[in-house]
Amino acid sequence: MDFKSEGKKLLLIVAAFLAFFYLPVGRPRFDSAVMESLQLVRWYAREHVLLCLVPAFFIAGAISVFVSQASVMKYLGAKANKILAYGVASVAGSVLAVCSCTVLPLFAGIYKMGAGLGPATAFLYSGPAINVLAIILTARILGVELGIARAVGAVVFSVIIGLLMHLIYRKEEAAKAASQAAMPEPVAARPLWKNGLYFASMVGILVFANWARSGDTRALFLCCPGGLETYAIEGRIVERTDLSITLVDTKGQTRTMSAPLLQGVENLEKNSVSELVYQFRWALVLALLAAFAFMVTRWFRRDELAEWVGATWGFAKQILPLLLFGVLIAGFLLGRPGPDHEGIVPVTWVNRAVGGNSLRANLLASVAGAFMYFATLTEVPIVQGLMGSGMGKGPALALLLAGPALSLPSMLVIRSVMGTRKTLVYIVLVVVMATITGMIFGALF
Amino acid sequence: MKKLQILGTGCPKCKKLAENADAAAKAVGIEYTLEKVTDINEIMKFGVMMTPALAVDGQVKVVGKVPSPDDIKKMLA
Chain A
1 MDFKSEGKKL LLIVAAFLAF FYLPVGRPRF DSAVMESLQL VRWYAREHVL
51 LCLVPAFFIA GAISVFVSQA SVMKYLGAKA NKILAYGVAS VAGSVLAVCS
101 CTVLPLFAGI YKMGAGLGPA TAFLYSGPAI NVLAIILTAR ILGVELGIAR
151 AVGAVVFSVI IGLLMHLIYR KEEAAKAASQ AAMPEPVAAR PLWKNGLYFA
201 SMVGILVFAN WARSGDTRAL FLCCPGGLET YAIEGRIVER TDLSITLVDT
251 KGQTRTMSAP LLQGVENLEK NSVSELVYQF RWALVLALLA AFAFMVTRWF
301 RRDELAEWVG ATWGFAKQIL PLLLFGVLIA GFLLGRPGPD HEGIVPVTWV
351 NRAVGGNSLR ANLLASVAGA FMYFATLTEV PIVQGLMGSG MGKGPALALL
401 LAGPALSLPS MLVIRSVMGT RKTLVYIVLV VVMATITGMI FGALF
Chain B
446 MKKLQILGTG CPKCKKLAEN ADAAAKAVGI EYTLEKVTDI NEIMKFGVMM
496 TPALAVDGQV KVVGKVPSPD DIKKMLA
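First to last, the protein sequences are chains A and B.
All residue numbers for the first sequence refer to this note's numbering, where the first residue is 1 and numbers rise by one.
All residue numbers for the second sequence refer to this note's numbering, where the first residue is 446 and numbers rise by one.
No lab work stands behind these hints: they were computed from the structure.
Computed from a predicted model, the values in this text were never measured in an experiment.
C-beta: ideal position from N, C-alpha, C; glycine also.
Possibly wrong hints are sitting among the right ones.
[Said to hold, decoys possible] Dumping the calculated PhoX-like pairs for lysine-lysine here, alpha-carbon to alpha-carbon at most 25 Å:
#: 1; chain 1: B; residue 1: K506; chain 2: A; residue 2: K79
#: 2; chain 1: B; residue 1: K490; chain 2: A; residue 2: K422
#: 3; chain 1: B; residue 1: K490; chain 2: A; residue 2: K82
#: 4; chain 1: B; residue 1: K490; chain 2: A; residue 2: K74
#: 5; chain 1: B; residue 1: K471; chain 2: B; residue 2: K481
#: 6; chain 1: B; residue 1: K481; chain 2: A; residue 2: K317
#: 7; chain 1: B; residue 1: K519; chain 2: B; residue 2: K471
[Claimed, not checked] Partner residues are not named here, just some residues of chain B that face chain A (Cβ under 10 Å, in silico):
#: 8; residue: G453
#: 9; residue: K458
#: 10; residue: K461
#: 11; residue: N465
#: 12; residue: I485
#: 13; residue: N486
#: 14; residue: V501
#: 15; residue: M520
#: 16; residue: L521
Generate coordinates for the entire structure from the input sequences, incorporating the hints supplied.
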């Protein structure tokens, strides 16, 4: 018998036993947190997965297979134009880092063999935030403005961080001799317009299938302890009594709020184009699907298609389980959005820590985000939970920016590539930039 | 005796490449060793920045994608 490995198993069994022995089942707070977590998963299943993630996976798969990565890397090589390199590095994440696990090797490569420290850090900062899956999921779940702010904020501030890193270490950079990198072979070429139409039709399907109905009214509620925050629900009022108000929001979810929380109701003007699109959205999706099927069968070879479907399936297999766990944990800890949906963490705590748009709240959100590890895309349900518990929009953006860009494990890898001091400078820059972006966004929206 | 090295930090694609390389080498019937290089600085020494990558006897054969076992067989010949 191997005592070492068997001993480990014994310890595991004992630990599991103790955990279950003291499991606080029956305590209202724990029980409701478990229910919240299941409710949140069901909400994701009903609202998001099919309509939003399936096309998103196909787009991500297509990017990884059909977009020539070599042509992008050309602009990040050792001989590249330095100014252009910053611009390319700040947006290259959307093509090169379809999965966040490829960010670190690419960062090390750009730093050691390519355009140098500045573009490398720019890529490192923006990469995880601007991959297609992250943007689509953020926009769908946290709102379009936060999705766009995340992408734009990541791109703009990555250039600033890259330039600052370059300026701080410009002497060292000048002394470094670049070595030659091995590049992948270019993929089979197709005319640009064919590729363009192919991607455009997929994005169109994604957009129209998710077209949200605009509401009739917007109800404003004072939420959370002490009436600290105002938040709005767009939708249709179904029933209104002295005690409670029932609304169907624009996502089709029925929500009941207690009447004393209600602050006011505004009538919304309907946008007629948006309504028209909403009425005919399935027709539009079907038409696009037909066009898409035509393109796929005419323009692509069998093995290309097999590779594309394979890559898509690879992403789905890799990301869906992570997302499921992320949603379960977020629901358990923080509950669903809205009052009366608390998880295990009291809403008051969240509100005190990251409510509003103070410097402290933004700073706390970026520091927490920088050290916390988020598996691919799980930052979205976590931020959703935090926002539901009273986190302000500014701190939410700060967390979204600092979170996936850094984590304790990635800090260690980055340190092994560029040393302790540069890593510390980078971490400080990320935290400062995320805080500033959060403050600005929070003040604007 | 061929030396196969899989370069990658441990993402699912790297595992897939390792499986394919293993299958290809077995099918060709050569003597070989299979090594996974996961340290990012070691990977850089090969001049590789897009993982996964496959090196045969220290020479990088494929970068940034997972070739099929049939493709790898040709690289081993």
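Do the hints match the structure? See the list:
1. Between the alpha carbons of K506/B and K79/A the distance comes to roughly 23 Å, so the proposed pair stays at or under 25 Å and holds.
2. For the hint pairing K490/B with K422/A, the CA-to-CA distance comes to about 21 Å; that is within 25 Å, so the pair holds.
3. Note on K490/B and K82/A: the hinted pairing holds, with a Cα-Cα distance of about 23 Å set against a maximum of 25 Å.
4. Pair hint K490/B plus K74/A holds up; C-alpha atoms about 19 Å apart against a cutoff of 25 Å.
5. Straight-line distance between C-alpha atoms of K471/B and K481/B comes to about 17 Å, which keeps the hinted pair within the 25 Å bound.
6. For the proposed pair K481/B and K317/A, the alpha carbon gap of about 23 Å is at most 25 Å, so the pair holds.
7. A threshold of 25 Å between alpha carbons decides the hint, and for K519/B with K471/B the separation of about 13 Å falls inside it, so the pair holds.
8. Checking G453/B against chain A by beta carbon gives a least distance of about 8 Å; that is within 10 Å, so the hint holds.
9. Hint status for K458/B: holds, given a least beta-carbon distance of 7 Å to chain A, under 10 Å.
10. With a least beta-carbon distance of about 8 Å to chain A, the hint placing K461/B at the interface is held under the 10 Å criterion.
11. Hint status for N465/B: violated, given a least beta-carbon distance of 12 Å to chain A, over 10 Å.
12. For I485/B, the interface hint holds, since its Cβ comes within 10 Å of a Cβ in chain A; the closest pair sits about 5 Å apart.
13. At a threshold of 10 Å, the smallest CB-CB gap from N486/B to chain A is about 6 Å, leaving the interface hint in force.
14. Below 10 Å, beta-carbon pairs count as interface contacts, and V501/B has none with chain A, the closest being about 13 Å; its hint is therefore violated.
15. Hint on M520/B is violated. Least Cβ distance to chain A is approximately 13 Å, over the 10 Å limit.
16. Given hint, L521/B at the interface with chain A, is violated; its Cβ is 18 Å from that chain's nearest Cβ, farther than 10 Å.
Checked against the numbered hints listed earlier, the structure breaks hints 11, 14, 15 and 16; every other hint is satisfied.
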